[in-house]
Amino acid sequence: AGPATGGTGTVPRSSDDGLTGTVTVFAAASLTDVFTTLGAQLERDNPQLTVQFNFAGSSALAAQLVQGAPADVFASANPQQMAVVTEAGLAAAEPAVFAGNVLEIAVPAGNPAGVTGLADFADPDLTLALCAADVPCGAAASAVFADAGITPRPDTEEEDVKAALTKVQLGEVDAALVYATDVRAAGADVEGIPFPQAEREVNEYPICALAAAPAPAGARAFVDLVTSDAGRSALVAAGFRAP
Amino acid sequence: MTLAAQVVVRRGPLTVDLAVRVADGEVLAVLGPNGAGKSTLLRVLAGLLPLDGGRVVVDGDTVWDDDRVHVPAHRRSLGMVFQDHLLFPHLSITDNVAFGLRTRGVRRPAARGTAQGWLERVGLAGLGDRRPGELSGGQAQRAALARALVGDPRLLLLDEPLSALDARTRLTVRAELRRHLADFAGSAVLVSHDPVDAMALADRVVVVEDGAVVQAGTPAEVARRPRTDYVARLVGLVLLPGTAAGTTVALDGGGAVSVGEPASGPVFAAIRPASVSLYLQRPAGSPRNVWPARLVAATPHGSEVRCDLAGEVPLTADVTATSFAELGLAPGADVWASVKAADVTVYTR
Amino acid sequence: MTLAAQVVVRRGPLTVDLAVRVADGEVLAVLGPNGAGKSTLLRVLAGLLPLDGGRVVVDGDTVWDDDRVHVPAHRRSLGMVFQDHLLFPHLSITDNVAFGLRTRGVRRPAARGTAQGWLERVGLAGLGDRRPGELSGGQAQRAALARALVGDPRLLLLDEPLSALDARTRLTVRAELRRHLADFAGSAVLVSHDPVDAMALADRVVVVEDGAVVQAGTPAEVARRPRTDYVARLVGLVLLPGTAAGTTVALDGGGAVSVGEPASGPVFAAIRPASVSLYLQRPAGSPRNVWPARLVAATPHGSEVRCDLAGEVPLTADVTATSFAELGLAPGADVWASVKAADVTVYTR
Amino acid sequence: MRAIRRRDGGVPLPLLVPAVLGTAFLVLPLVGLVVRAPWSGIAPQLARPEVGSALRLSLLSATAATAASLLLGVPIAWVLARSRIRGRSVLRALVTVPLVLPPVVGGVALFLVLGRQGILGRPLFEQLGVTIPFTTAAVVIAETFVAMPFLVISVEGALRAADARFEDAAATLGADRWTTFRRVTLPLVAPGVAAGAVLCWARALGEFGATITFAGNFPGTTQTMPLAVYLALQRDPEAAIVLSLVLLAVSLGTLLLLRDRWLGRSTAG
Amino acid sequence: MRAIRRRDGGVPLPLLVPAVLGTAFLVLPLVGLVVRAPWSGIAPQLARPEVGSALRLSLLSATAATAASLLLGVPIAWVLARSRIRGRSVLRALVTVPLVLPPVVGGVALFLVLGRQGILGRPLFEQLGVTIPFTTAAVVIAETFVAMPFLVISVEGALRAADARFEDAAATLGADRWTTFRRVTLPLVAPGVAAGAVLCWARALGEFGATITFAGNFPGTTQTMPLAVYLALQRDPEAAIVLSLVLLAVSLGTLLLLRDRWLGRSTAG
Ligand SMILES: Nc1ncnc2c1ncn2[C@@H]1O[C@H](COP(=O)(O)OP(=O)(O)OP(=O)(O)O)[C@@H](O)[C@H]1O
Ligand SMILES: Nc1ncnc2c1ncn2[C@@H]1O[C@H](COP(=O)(O)OP(=O)(O)OP(=O)(O)O)[C@@H](O)[C@H]1O
Ligand SMILES: [Mg+2]
Ligand SMILES: [Mg+2]
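So the sequences go chain by chain: X, U, D, V and P.
Start counting the first sequence at 471; every next residue gets the next number (the numbering used here).
Start counting the second sequence at 7; every next residue gets the next number (the numbering used here).
Start counting the third sequence at 7; every next residue gets the next number (the numbering used here).
Start counting the fourth sequence at 18; every next residue gets the next number (the numbering used here).
Start counting the fifth sequence at 18; every next residue gets the next number (the numbering used here).
There's no promise every hint is true.
Stated by the list, open to error - What follows is a list of derived Cβ distance ranges for each label pair:
1. U/G59 / D/G132: 42 to 50 Å
2. D/G132 / P/W195: 51 to 59 Å
3. D/D135 / U/P56: 22 to 30 Å
4. D/D135 / U/G59: 21 to 29 Å
5. U/G59 / V/W195: 28 to 36 Å
6. D/R137 / V/I102: 48 to 56 Å
What the hints assert, rightly or not - Covered, in the sense of this in silico footprint (three residues per stretch, anywhere, with C-beta under 8 Å from a C-beta of chain P), are these stretches of chain X:
7. 579–588
8. 600–606
9. 640–648
10. 661–675
Honestly, the hints are just simulated from the structure, not real lab data.
Glycine residues also receive a C-beta, built at the ideal position from the N, C-alpha and C atoms.
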């Protein structure tokens with residue numbers, strides 16, 4: 471069954487065997503790995519249940535939901551896009567924060583430019599990438615720099631973390647300010663340099679079941695799994711902070 | 007079908023303003039110099055070029071009238087040979103010829119069969135599978151003719167359909183075309199530069215110059231009594247306009263001609279080049295018309311030489327190659343030209 | 007320039023295999039039926055079509071040799087009139103004519119000035135600012151001729167340059183062309199279907215049929231002694247191949263002809279249609295050649311009617327329209343045809 | 018007159034130099050990708066079932082979008098090039114606009130028309146229970162929306178360059194405008210239509226923004242290769258490069274099937 | 018024979034119906050955007066200085082990319098359509114590939130060649146101290162890379178459809194292949210080149226993925242309109258729609274200047 475027909479056509483019902491039907495999860499792209507694992511776990515626990523994901527940017531997902539996309543769960547990479555959904559009256563319950571993410575300095579493997587800390591972002595001779603202030607990681611970066619009293623001199627204001635990270639991986643920028651989970655995912659090409667001010671700007675990931683969910687029971691089960699201890703440990707293993 | 011058209015079209019500085027009329031079953035030849043408006047007329051009759059004035063009436067129905075009525079080309083029963091053929095480059099010759107049948111609903115095998123018959127008739131048997139780009143100029147023209155004739159359209163519009171054919175093929179294709187036109191219920195308009203085509207094929211001739219009709223009539227009339235210099239040259243006559251009094255015509259260009267039959271008022275005197283004789287000394291014989299002249303150009307054709315003469319009376323003489331050589335003529339030579347009065351035709355202007 | 011070419015090109019089932027030779031300053035006319043390979047020859051001489059064999063030598067240098075040497079068209083000094091003109095549609099007529107000068111480095115105003123002079127010479131004065139799409143067929147052909155002649159190329163290749171011209175314009179343009187070719191240092195190859203063009207313009211004639219040369223010579227030789235049926239019809243003769251013994255020729259097709267001059271062995275007997283007389287009863291006069299025949303076709307041209315006859319000896323007769331009418335002839339009529347022995351030319355095959 | 022060798026390719030220098038530079042400019046980055054690709058890790062990437070289904074979906078939907086564009090776009094091009102309808106230049110500008118629209122915004126615009134709340138989508142849903150977004154149909158629609166203008170503009174160019182007098186000739190042979198279009202005009206401009214279809218297909222195959230917005234990113238239903246590449250980029254950039262190369266290889270293979278003869282009249286001479 | 022009115026537009030029904038459907042399909046979403054746009058809030062959006070500079074940069078870089086594509090792409094098209102070089106179909110497939118490459122991957126590929134660590138970029142940086150990424154030049158390069166194939170394919174189609182015998186005629190008049198190209202071939206295929214340039218310009222104007230990857234996003238230097246739209250989408254979707262409409266209006270205005278006569282031969286009759 472396709473996602474749309476699956477969402478609207480088959481009404482899942484509880485049975486003694488567990489959940490049935492299809493639960494559709496709209497999740498921020500940065501959650502791809504963790505959620506795929508958790509979804510597989512839920513399917514293992516409920517053999518009649520199918521979990522399908524729609525991974526995209528949080529803003530695109532919010533726009534889709536506002537346009538009436540048939541989904542059961544929304545997991546956003548930031549509270550702003552969750553707010554878009556709750557303000558539209560689409561949430562079934564108060565969103566729950568299930569993970570957090572902090573900034574880290576990412577440098578190419580071997581740190582060729584010898585970046586040591588946040589202060590280096592004021593160096594005009596370095597090639598530096600930040601996120602644009604309009605996106606969450608950029609907002610967090612602004613706050614961090616304000617906090618530290620540093621005026622950064624970036625060469626580019628990236629639209630999302632991955633774009634910044636790609637440039638680090640290719641060695642095209644000397645340093646970028648990205649999330650810790652991204653540094654973790656990038657593997658050996660990228661080294662992370664944590665810094666103390668980061669902890670004050672934790673980016674929160676909220677999740678909620680949706681009011682129009684075609685499979686409310688499955689939605690609840692997925693949200694419960696993500697916020698459970700098992701979910702939490704999977705997230706932490708991927709580099710997220712516990713809420 | 008009968009066709010009556012009054013055609014007004016502006017083409018750059020030239021205004022084409024022609025009235026033509028083709029009776030049922032009639033073949034009308036349109037003659038005229040380059041740029042006279044012949045192709046323009048055919049395009050209007052086909053419904054491909056809008057009129058700036060006038061109208062085209064077919065069988066009593068107006069089919070094209072300035073801005074109000076327009077029956078498009080494909081709704082009339084037409085066959086047209088364009089001056090530059092316009093064979094469809096992406097279709098084989100057979101499919102080109104079969105095209106008109108296919109659009110009229112004939113099934114493909116039948117249409118191709120008929121097309122092949124026509125290709126044979128115009129001498130293209132065996133070339134049906136080629137593309138137009140693989141034909142010689144004359145072969146392409148014959149294919150275009152076959153494409154126009156197939157399906158017996160009610161009005162044939164032929165724009166110089168034989169101009170690229172070699173002399174022998176032209177005879178056979180002309181004969182084929184004449185046979186077709188004789189059997190043919192519809193009407194035809196034929197543009198040609200070759201008076202032989204017009205004489206052989208047409209019931210009536212219209213001569214067009216500078217966008218206007220200058221002469222109309224049967225081929226024989228036009229050939230016998232040309233009314234403009236262009237027509238006269240076309241039919242091989244020298245035309246001298248003048249004013250007659252008895253058997254003498256005072257020419258407009260100066261000089262006088264004695265003629266056989268008495269006439270009066272403004273007339274044309276017409277002379278056949280073959281009836282002009284040339285001498286090195288003034289001849290002292292019976293001919294009453296003797297003029298001094300200078301040979302300006304000599305063009306051999308066949309066993310004769312065409313001599314263009316300048317003098318008080320501009321003339322053209324055809325002399326045999328033998329006598330041309332015997333007289334030792336060459337451009338620039340001074341000669342005497344004479345014509346018998348009986349050989350000069352005279353008719354009113 | 008001198009040109010010597012041995013041209014072998016395969017064109018579908020036809021293999022064109024021709025040798026031509028043009029001396030310095032000479033004009034060579036190439037005559038032949040449609041599809042004989044005339045345009046193919048010109049394209050090869052221009053360097054536009056690869057050879058399958060043979061070579062083209064200009065002034066002693068090989069310029070095109072199968073697969074080894076190729077001097078491209080633009081490096082030779084050429085002027086070419088294509089059978090379908092190929093005027094550049096995006097340029098004005100003046101710029102079309104000036105194109106060859108511009109590519110040879112002449113500045114724009116000078117080139118346009120020269121071009122305008124040429125347009126005047128071919129009778130297109132005042133049309134220089136038009137696009138080719140705004141010209142009539144004959145006007146376009148003249149523009150193409152001017153474009154080829156401008157800049158005095160060393161080799162002119164003219165593919166039916168006069169076919170679309172009306173009779174009068176053809177005379178003047180032909181005269182202009184003759185004047186140009188006479189003054190002209192280079193050589194020229196002229197393809198034409200009109201024997202008058204060839205006679206008027208060419209120093210030598212080559213007749214091509216089915217991709218091979220069938221006759222070559224001066225225009226007068228070819229006109230007097232045609233060697234194939236195609237050439238004979240072109241110059242207006244009926245050709246009867248046979249075997250002579252004394253003054254009698256036994257025809258290959260059956261029957262015999264009496265001739266004036268004794269000959270022997272394989273010969274051609276050539277008869278002019280004008281020397282054939284027609285009778286309703288068997289004539290009892292001096293002509294020794296009298297045959298019964300049936301009239302199969304009659305085509306009026308000018309003041310005469312061309313009569314095609316079927317019978318033991320296939321003939322064509324030209325009779326005056328008057329006597330045609332007096333005899334009451336019509337296709338299908340049985341007649342007697344007679345020719346004086348003295349009017350039959352005979353020459354060895 | 019110097020004799021030069023025949024069949025030398027004969028590309029004049031002022032064309033050869035920019036052609037070589039341009040080709041290098043387009044091809045070198047691909048070479049870079051191929052060189053840098055983690056060839057050792059390629060096998061496991063290709064073995065993943067999503068890759069196969071994403072590839073199949075990409076090819077299917079790009080082909081369907083090209084078919085839809087041909088069906089709707091060629092008539093638009095004909096109207097632009099041949100009809101005497103007023104306001105053709107406005108029409109041309111309007112149908113070109115989706116080219117300029119950022120694809121994500123294009124996706125939003127499609128929602129406004131075909132979404133459940135959309136102008137047409139709402140009655141469709143309420144009367145017939147049909148929803149378009151998040152289905153394979155939505156992928157095709159998004160790709161068609163983005164790619165069709167390429168076809169329209171190329172075909173219009175081809176139609177304008179074609180000699181309209183052949184259409185006159187067809188009319189004298191009894192062909193109405195529709196028959197003329199099918200039997201004469203379309204075959205004459207076939208090379209232009211082929212070029213336009215290639216552009217359209219390639220653009221549809223690479224479509225990302227409008228698709229992820231309007232159709233979502235559901236494996237098996239709406240996840241095309243570019244979406245899979247995007248997800249891989251989140252997770253494992255090297256895998257993303259491998260997936261792109263797979264997409265490239267497939268499209269290269271398809272384009273190579275377009276031999277000269279499919280593209281119509283061949284080289285001079 | 019029924020007499021019908023002349024100048025009826027004369028679009029046959031089987032063409033009119035799909036043309037109308039197709040136009041509706043392309044135009045309705047734009048109408049949706051216009052209707053839904055928050056017109057009241059438009060003035061403050063437009064007053065922001067970044068909008069002006071992003072718009073200026075977009076137009077400049079798209080025009081520069083089109084110029085570069087014409088310079089490099091037309092010769093490639095000529096080689097594909099006219100030369101007798103071997104491997105032309107491989108060449109064609111290769112230059113078409115950037116169409117299919119997901120633009121982000123295209124940006125990565127450009128880094129691999131022109132980046133600081135790239136094949137050509139590294140010597141350039143180390144010897145001359147020149148870096149290309151994160152400059153306006155990088156924007157133009159990224160747009161050219163993505164948009165040039167559109168030009169190449171359209172122009173090749175136009176060249177194949179053009180009658181090569183005019184080039185023979187030019188050769189007999191002493192024009193070498195380069196002169197023939199400039200004076201005959203190029204003017205003859207001008208409508209095709211114009212169509213290709215429109216496609217190329219529009220694609221460059223809407224370029225997003227390769228630009229953000231290779232050139233980054235810095236207001237005034239590399240932030241083009243699509244980047245501004247994307248950022249606005251993160252913050253305030255309505256503002257994003259307004260910005261897209263600004264982009265649309267500007268490109269519409271530009272395309273409207275392309276009147277029929279610029280596009281060459283006009284309608285039949
Ligand atoms: N599209 C056009 N725009 C302006 N003038 C034109 C156009 N087409 C033709 N003409 C002019 O109109 C006149 C008539 O042209 P038309 O083609 O009817 O001549 P024609 O009698 O067929 O001549 P030809 O014997 O040379 O074919 C010519 O003087 C020509 O220059
Ligand atoms: N591209 C081609 N492919 C195959 N055959 C061709 C091609 N072009 C011409 N032919 C054939 O080659 C032969 C010679 O053609 P060519 O054009 O040289 O004839 P031509 O003597 O100029 O005739 P015409 O007097 O009709 O112009 C013809 O039989 C023609 O059908
Ligand atoms: Mg004409
Ligand atoms: Mg020829």
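Do the hints match the structure? See the list:
no., hint, result
1, U/G59 / D/G132: 42 to 50 Å, "violated (25 Å)"
2, D/G132 / P/W195: 51 to 59 Å, "violated (34 Å)"
3, D/D135 / U/P56: 22 to 30 Å, "holds (23 Å)"
4, D/D135 / U/G59: 21 to 29 Å, "holds (26 Å)"
5, U/G59 / V/W195: 28 to 36 Å, "holds (31 Å)"
6, D/R137 / V/I102: 48 to 56 Å, "violated (26 Å)"
7, 579–588, "violated (count 0)"
8, 600–606, "holds (count 3)"
9, 640–648, "holds (count 3)"
10, 661–675, "violated (count 0)"
Violation of the numbered hints given earlier is confined to hints 1, 2, 6, 7 and 10; the remaining hints are satisfied by the structure.
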